[in-house]
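Number of protein chains: 2
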Amino acid sequence: MIDSVLAHADERLAAAFDRLSELIRIPSVSADAAYDGACAKAASWLAQTLRELNFECSIHETGGKPIVLCRKTAPGNKRSVLFYGHYDVQPAEPLEHWKSDPFALEFGVNARGGRTIVGRGSADDKGQLLTFVEACRAWLTVTGALPVDVTMIFEGAEETGSAFLADFIAGHRSELGADVALICDTNMWDPATPAIVTSLRGLVQAELTVRAAAMDLHSGVYGGGAENAIHVLTRLLAAMKDERNRITIPHFYDGVPEVAASVRDQWSKLGFTARDFLGPVGLTQSAGETGRHLIDQTQFQPTFDVNGIYGGYAGKGTKTIIPAEATAKLSFRLVGKQDPTAILDHLKSFIAERLPSDCSFHLEPQDLTPAATVDPKCSGVDVARRVLVEEWGAEPVMVGSGGSIPVVAMFKDLLGIETVLMGFGLDDDRIHSPNEKYDVASFHKGIRSWARFLGHFGEATQS
Amino acid sequence: MIDSVLAHADERLAAAFDRLSELIRIPSVSADAAYDGACAKAASWLAQTLRELNFECSIHETGGKPIVLCRKTAPGNKRSVLFYGHYDVQPAEPLEHWKSDPFALEFGVNARGGRTIVGRGSADDKGQLLTFVEACRAWLTVTGALPVDVTMIFEGAEETGSAFLADFIAGHRSELGADVALICDTNMWDPATPAIVTSLRGLVQAELTVRAAAMDLHSGVYGGGAENAIHVLTRLLAAMKDERNRITIPHFYDGVPEVAASVRDQWSKLGFTARDFLGPVGLTQSAGETGRHLIDQTQFQPTFDVNGIYGGYAGKGTKTIIPAEATAKLSFRLVGKQDPTAILDHLKSFIAERLPSDCSFHLEPQDLTPAATVDPKCSGVDVARRVLVEEWGAEPVMVGSGGSIPVVAMFKDLLGIETVLMGFGLDDDRIHSPNEKYDVASFHKGIRSWARFLGHFGEATQS
Chain S
137 MIDSVLAHAD ERLAAAFDRL SELIRIPSVS ADAAYDGACA KAASWLAQTL RELNFECSIH
197 ETGGKPIVLC RKTAPGNKRS VLFYGHYDVQ PAEPLEHWKS DPFALEFGVN ARGGRTIVGR
257 GSADDKGQLL TFVEACRAWL TVTGALPVDV TMIFEGAEET GSAFLADFIA GHRSELGADV
317 ALICDTNMWD PATPAIVTSL RGLVQAELTV RAAAMDLHSG VYGGGAENAI HVLTRLLAAM
377 KDERNRITIP HFYDGVPEVA ASVRDQWSKL GFTARDFLGP VGLTQSAGET GRHLIDQTQF
437 QPTFDVNGIY GGYAGKGTKT IIPAEATAKL SFRLVGKQDP TAILDHLKSF IAERLPSDCS
497 FHLEPQDLTP AATVDPKCSG VDVARRVLVE EWGAEPVMVG SGGSIPVVAM FKDLLGIETV
557 LMGFGLDDDR IHSPNEKYDV ASFHKGIRSW ARFLGHFGEA TQS
Chain F
137 MIDSVLAHAD ERLAAAFDRL SELIRIPSVS ADAAYDGACA KAASWLAQTL RELNFECSIH
197 ETGGKPIVLC RKTAPGNKRS VLFYGHYDVQ PAEPLEHWKS DPFALEFGVN ARGGRTIVGR
257 GSADDKGQLL TFVEACRAWL TVTGALPVDV TMIFEGAEET GSAFLADFIA GHRSELGADV
317 ALICDTNMWD PATPAIVTSL RGLVQAELTV RAAAMDLHSG VYGGGAENAI HVLTRLLAAM
377 KDERNRITIP HFYDGVPEVA ASVRDQWSKL GFTARDFLGP VGLTQSAGET GRHLIDQTQF
437 QPTFDVNGIY GGYAGKGTKT IIPAEATAKL SFRLVGKQDP TAILDHLKSF IAERLPSDCS
497 FHLEPQDLTP AATVDPKCSG VDVARRVLVE EWGAEPVMVG SGGSIPVVAM FKDLLGIETV
557 LMGFGLDDDR IHSPNEKYDV ASFHKGIRSW ARFLGHFGEA TQS
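So the sequences go chain by chain: S and F.
My numbering puts the last residue of the first sequence at 599; the count rises by one with no breaks.
My numbering puts the last residue of the second sequence at 599; the count rises by one with no breaks.
Hint data in this document are derived by calculation from the structure and do not stem from the laboratory.
Each residue gets a CB set at the ideal place from its N, CA and C atoms; glycine is no exception.
Calculated cross-link-like contacts (lysine-lysine; reagent style BS3-like; alpha-carbon spacing at most 30 Å):
1. F/K513 - F/K581
2. S/K377 - F/K452
3. F/K235 - S/K452
4. F/K452 - S/K484
5. F/K581 - F/K548
6. F/K377 - S/K452
7. F/K208 - F/K548
8. F/K473 - F/K377
9. F/K235 - F/K581
10. S/K581 - S/K214
11. S/K452 - F/K177
12. S/K235 - S/K452
13. F/K452 - S/K452
14. S/K377 - S/K473
15. S/K484 - F/K377
16. S/K377 - F/K377
17. S/K235 - S/K581
18. F/K473 - F/K513
19. F/K452 - S/K235
20. S/K177 - F/K452
21. F/K484 - F/K473
22. S/K377 - F/K484
23. F/K484 - S/K452
24. S/K177 - S/K581
Here are the in silico distance ranges between beta carbons for each label pair:
25. S/T198 - F/E232: 30 to 38 Å
26. S/S493 - F/D237: 35 to 43 Å
27. F/P230 - S/V525: 54 to 62 Å
28. F/G407 - S/T477: 44 to 52 Å
29. F/H482 - S/T477: 44 to 52 Å
Between the sequences and the hints, there should be enough to build the whole structure, so can you do that?
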C-alpha cells in the first residue's frame, strides 16, 4: 500500500509545486497590518484546498489573524494526529537584495547543485506545511482514506508571537484532541541526515524606546551638555553583555540548566567548528559565550540579539542634531525553566538602574514564550525515527533547536500531548532573509516521509 | 542720516516679512538631492532680490549647490565689507512634530510673550541673512547709496559641510577682498543681551557602517553563534566615551587648550546652571565631562554625538533576525588646534582595533572643519560692539560658540580677513528642530543693528 502512495506522490510532484506556488503568491506577512487581507486569503486558500480533499474545514476569527481547523476521521482508525503549521511569513524586506519576486515561486539551484524552490515562505512554513498536506492527498487519492484520524490547525501569527493561539487551543480542546502533535517547521542536521527536534528555545521580544530631551537639539549649541538618546541606548545595549559575551542582566540565567558533561564530551568529538557553521554566511568565529561549544551556544544557551535599531536622522547626508529619541527591537532566546515574564521584569530593572535621571524609557513587550522540550521516548518520536531511516537511509539526529515554536508548550500544557518536530529545512535556506529557498529534495522526500509516518503511526499499537 | 534709515526700516517691516516669507517657501534642504531644484531657486531668488537693489549679481555653479555673489561699490567709499549667508536649511523631518507647514512663514508667540516668525530657516539662516539685506535696502532707499562697499556671498551647502566653498573662495579672491567679513548666523547671550562670537568649534562628521555576516540571519538558528552588526556598532559607540563622559579615542584631545583659570573663575560667579540651560528642552543635568563647567563643556571642549543610527528591522512588529549591517552618523565638535584629518585617522584606528576580525567597517567622511577664532581687537568687532550697545542698550558678551561655521577659517586663511559674528538668534529658536522660529524683535532690531553697523563702519578710520 505505502509503495503505491509513494509512487503517486512522485508522479504528481509537479502539481504539488503548482499548489505551493499559489500559496507563496499570497503575501501573508503577519508583522504588518497592511497585509491583513493577504493573511485572510492564505487562511481561505488552506481551507479550500483541504475541503477539496473532503476535510471538514472551519475558519475562526481571533483578535489577530484567522485560525484554520481541518478534520478528517474514519470509524476504523485507531489513532489520531494533530498537525500544526503557520501560513504567515516574515516581511520580505530588504527587497533590493532579492534576486526574484519574493512572492512568486522560482526554481533555483543550491550550493550543492540541487534544485531549489525560491520565495518568501518556500521553507518557513508554506513549503514545509504542504509536505504534510500533500502526503494526506497521496493517501486519499490512492486509497480513498487516511490511515489515522487527522486534524490540522493553521495559524497566521507564528512570526509575531502567536498572541491568540493559546486562548484558541484552550477553547477548542475537544476538537484538537489527538495521540500526538506533528510539526514540520524545523531543519535537518545536514542535507543527508534528518533530525528530530526534542527541545526548543523560548523567546522574549520587546521594543525599547529611550527619550532624552523634549525635542531634537542642535549639536553645536547643546553638544557637550545635553544627553543624546542614541548614546543612552547604545550604552544600555553594550552593557547587556560582558567581555565574555555573557548576558549581564541580573537573574537572567535563573533556570538555565547546564548540559551534562557526557553530552559535552560527545560534541567535542563531532569535529564541528565555527567555520563549518558560520563560513557559509561569511563569518569565521563565534560571538557566543567564551569557553562554550558552538552547539551549546546556539542550541542550549539563552541569547540576546538586537533585531533592529533606529533614532535621529537616517536620511542622506548629515544633520547636526542631538536626537531626542532612539529605539531598539530586542529579542532573547530562552532555555530550560527561564521565565519570560520574570526576564522582562529583570530587564526593566537593569535599564532603570542605568538610565540618566532626566531620561525616560518605554519597554513594549511583543512576545513572551517559554522554552519547550519533547519526550524523546514517546511513540510519535519512535515512529518518526523509523520513517526517517526508511526514507533517508540515515539515523536521524536528536537535536535541540535554537529557534522557538510557542505551540509546542501549548500542546503539552493545554492538550497534554507530545509533539513530533520532523522538518526538512536546511541551514542554508535563508529563512527570514532575502532569497529564502527550500530544496526540492526536502519538499519531495518530506512528502514521502509524512506519507510513511501516516502509514506506520496508523499500524502502531497504542503506546 | 542714520535716524531716517532706521525710521524707514521700522515703517517697512511688513514688506520685509513678505520677503522672508517668499524665501522660507522655497524648501532649500541641502542634505537631500531631491531638493536640488529648490536650492537653485533660493539662489536665484537672492540674486533677483539684490538685482532689484542695483547690486551686480552672479550665480556660480559648483560641484554642489550654486554660490551667489552680489556686489555694490561706490567711488567715495573708504571701506568694504564681505557679508556671508547660507540659503540652505536643515531637513524638516520629523514632519509630524511641526505645528504648521515648515515651508511657510507663520507668526507665533514665544515663551516671553513676544511675537515670532515660525518656519524652517526662519532663524537659520534665512531670517538672519535677510537682516543684513534689509539694512542695505533701507540705506539705499533713503540715501540712494551704501556707506561702505558691500559684497555678499551666499552658499547653499552650509548644513552639509560647505564642500566646494573653500575652492570657490580661493578661485575668487579678487572679487571677495574686503576690510572685514560679516556673518549673521549666531545667537544673542539672552533676549536682552547681544553677543559677538569670537571662537567657533570645528566639526568632523562621518558615517560609520559595520558589516558582520553576508546577510541577515535567523536569530533562532544563528543566535548565540553569529555576530550581530548592531551589537558591534553599539559596543563601538559606547566605548567612545568613558564613565566621566570623556572621549576615549587616543590622541583625540591633542591640541585642545585648557581655559585660563581666571576665566573659569568668572564662570563660577555667573550662577549659570545646567537646569537654566537644559530645563527649557526637558533635561536637568549635563551629560558633559564630569568636573567641568557647563560653559566649558558646551563652548570650549570638543564633543562627540551620534546624530542618527539605523540597522536591521525598523518596521512594525517583530522580525527575529541578526542584522548583517548597521550604520551610525557621527559628529565631533572640535576646538583649539585639533586636526580634523588626524581625528578621522585616530577614529579609524580606534574602530579597527576593536572590531571582531570577521567583521568589516566603512567610515565615510562628510565634513572636516577646524575650529576658528576671531581677533577680539579688530576694528570690525569694535564697531559691532558700539552698534550693539546703541541698539540693544546693553554691552554685548564676547562668547565662544559651540557650533561650527567653516567659512570663518576660510576667510582668515584664504582672504586674510577677520570675521564679525553678530547674530540675533536665541537659544529657544529650535534651529534644526521642528517649529524653528526667529523672534520678530531679533529680525527687526537685527536689521537696525546692521544699518547702524554700515553707517559706523563707513565713518571709521582705517584700522
